[in-house]
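Assemble chain B with the ligand onto chain A, guided by the hints.
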Amino acid sequence: MTAPATVDTGYEVVIGLEVHAQLLTRSKMFCSCSAAYTTAPPNSNTCPVCLGLPGALPVINRQAVEMTVRTALALNCEIPPFTKFDRKNYFYPDLPKGYQISQYDLPLSQDGHLEFDVDGVRTRCGVTRVHLEEDTGTMHHAGDVLQEATSSLVDLNRCGVPLMEIVGEPDLRSADAAREYLVRLRQILVYIGVNDGNLEEGSLRCDANVSLRVRGATELGTKVEVKNMNSFRAVHHAITFEIERQARVLDDGGALVQETRGWVEARGATVSQRSKEMAHDYRYFPEPDLPPLQLGRDLVESIRAAIPELPEARAARFSSQYGLSAYDAAVLTGVRAEADTYEALVDAGVSAKVAANWQMGDVAALANEHHVALADSGLGVGGLAALLALVESGAINGSTAKELLSELYIVGGDPAALVTERGLGQVGDAAQLAAVVAEVIEANPKACADFRGGREAALQSLVGQVMKATRGRADARMVTTLLRERLSG
Amino acid sequence: MPLDPEEVAHVALLARLGLDGEERRRMGADLDRILDHVSALQRADISDVPETAQVGALVNVWREDVPAGSLSQEQALANAPDTDGEYFKVGAIQE
Ligand SMILES: [Zn+2]
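In order, the protein sequences belong to chains A and B.
Numbering-wise, our numbering puts 202 at position 217 of the first sequence, and it's gapless, one number per residue.
If you want our numbering, it's the position in the second sequence, counting the first as 1, plus 772.
Just chain B, with the same shape it has in the complex:
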């Protein structure tokens, strides 16, 4: 079932993608094809497959609670689009 234009707009909003009408139409068609392709999974016979919440074989991969070095402030801010020298600077957020 194809996505309706509102669903495409909603997904675009969630992904913070500003799409114009033409882009939305094209993306919608792409998404339809992707979903269609993946939906092949729903036709697989899984009556003999046990339910699971994990696909890898690993469990309990953890580390001890020991602090190690961090980046310097300068390094942390190096790739930021904007800073004030100490902080990342972003457009005003009003709560």
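Bound-form chain A, shown alone:
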């Protein structure tokens, strides 16, 4: 992935991200409709509550509250003892009640932070708050061309799905930092099982507030809100574009307008969304249909205790405990299930380095090819451990192991039994190998002469010939030693 180089504009860049994340609950936030909105036919997951019918009353989904607390704790937030919901009033067809139930002055959590590295520099971004609200429905525009559409179609299946808003402090100072913050945040959300991290499909959404100020100034510049960024790449490109656009306006002596701009991928530009500039006047007031929440310390502490080891801490532990490089540790801990698989392999007796090499190499390739993780494959963690034990003991060599891995990955089986059955055992008998080596030397006088003349590479072709003659089963190290002995003798 190539990102545009960060241009130094001479201004200080100030960025804050607002992230919305749908919670992985089974039912909606305030009613018992299924939250699985993507697979259902339009308007088939609705009820009087999420349709906003008169007289319908909301009831809080406890799991959504607990997931939000889990997220807030993972982001080092405080959980106040008292929290409540508020109505945010506005009219739009994707929200039939005429208001969104959200949280205004007493959110579920506040005052957190996230730490991460940006080009090797430790960076900290404050998290103002994590609060809970409900998602809206989805709109489709009839006709192919938006400008020619005469009507819009509304699907309310998504309306009322639990949505977390994670408000970041304006602590980010570059497009790189903003992307890294989002990468880390997404990783944590997925790790703790509250969100599926899908920026493309919008279960995770990111808006950016971007402003510039003269270096050293303490007042913030005019901020522009950038929307419609549905990939990490789009976030980086849109912010980079916006920094350069704002710098040009300021360089020319102009003034920026506080506005919302949408990222238009096809044009590689942010475009003003004037229609959304209608003075917002949400008239928040406490939601009268929902009693407030008092989250007991016992509940909060039990949620904290259930948070898994987070990716960064786990990577650090992998480095120290298993002697892995920082890179390998980061790759292996990036996805929680992968990290679990790695530890299961080590627990099954595979040495730490061997497990890392196989998991990130051949196993990753097979998982990719078949769209099945090792843990869910026919071979499974136990099967791979058994296979690698055969390599470790010298019973088979690496290339035989690779072939067996590929063959057994989906169907599974007992590697040791197969080795015996097919006679795949490594040829490590010196006398047997010596005979083959002698034949190969006899048959390849030119390569032998080249090697004697000082060309090291010629030895590799001779090793290859021996491997071929033994159907790949020879102990490569022994073959190399034997060849050297014979040729230098």
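Treat the hints as calculated values from the structure; they're not laboratory data.
Certain hints may be false.
To be verified - Covered by chain A, according to a simulated footprint, are these stretches of chain B (three or more residues, beta-carbon under 8 Å):
no.: 1; segment: 817 to 830
no.: 2; segment: 842 to 851
no.: 3; segment: 854 to 861
In this text, a Cβ means the ideal position worked out from N, Cα and C, and glycines have one as well.
Chain B with the ligand in isolation, oriented as in the chain A frame:
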């Protein structure tokens, strides 16, 4: 203090009420009387009343995360002014 006509127009816009001049004048007068009536609260002595963000006695009323039945598509769309059979249909919204 009476509402000025611009405030009345703003509130009407927020409520999506299309009021003509006469209606705006009448509504403005009504709103003035309502606000005046409610403003009696501001004269109450609350020096001994603790601050609160809730007026009811209930807390932590919640449900377990278990999906239950929804309305059918047909039922959901039954009272809509306009549909295409699957979706609610509204005037064009341009983003
Ligand atoms: Zn519902």
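The segment 842 to 851 of chain B covered by chain A? Criterion: 3 or more residues, Cβ-Cβ distance below 8 Å.
holds (count 6)
ask   = For the segment 817 to 830 of chain B, do at least 3 residues have a Cβ located nearer than 8 Å to some Cβ of chain A?
value = Since three or more residues must qualify, the claim that chain A covers the segment 817 to 830 of chain B holds, with 4 doing so at under 8 Å.
| said: Can you confirm whether chain A covers the segment 854 to 861 of chain B, using C-beta to C-beta distances below 8 Å and requiring at least three such residues? | reply: holds (count 6)
Every hint, counting from the list given before, is met by this structure.
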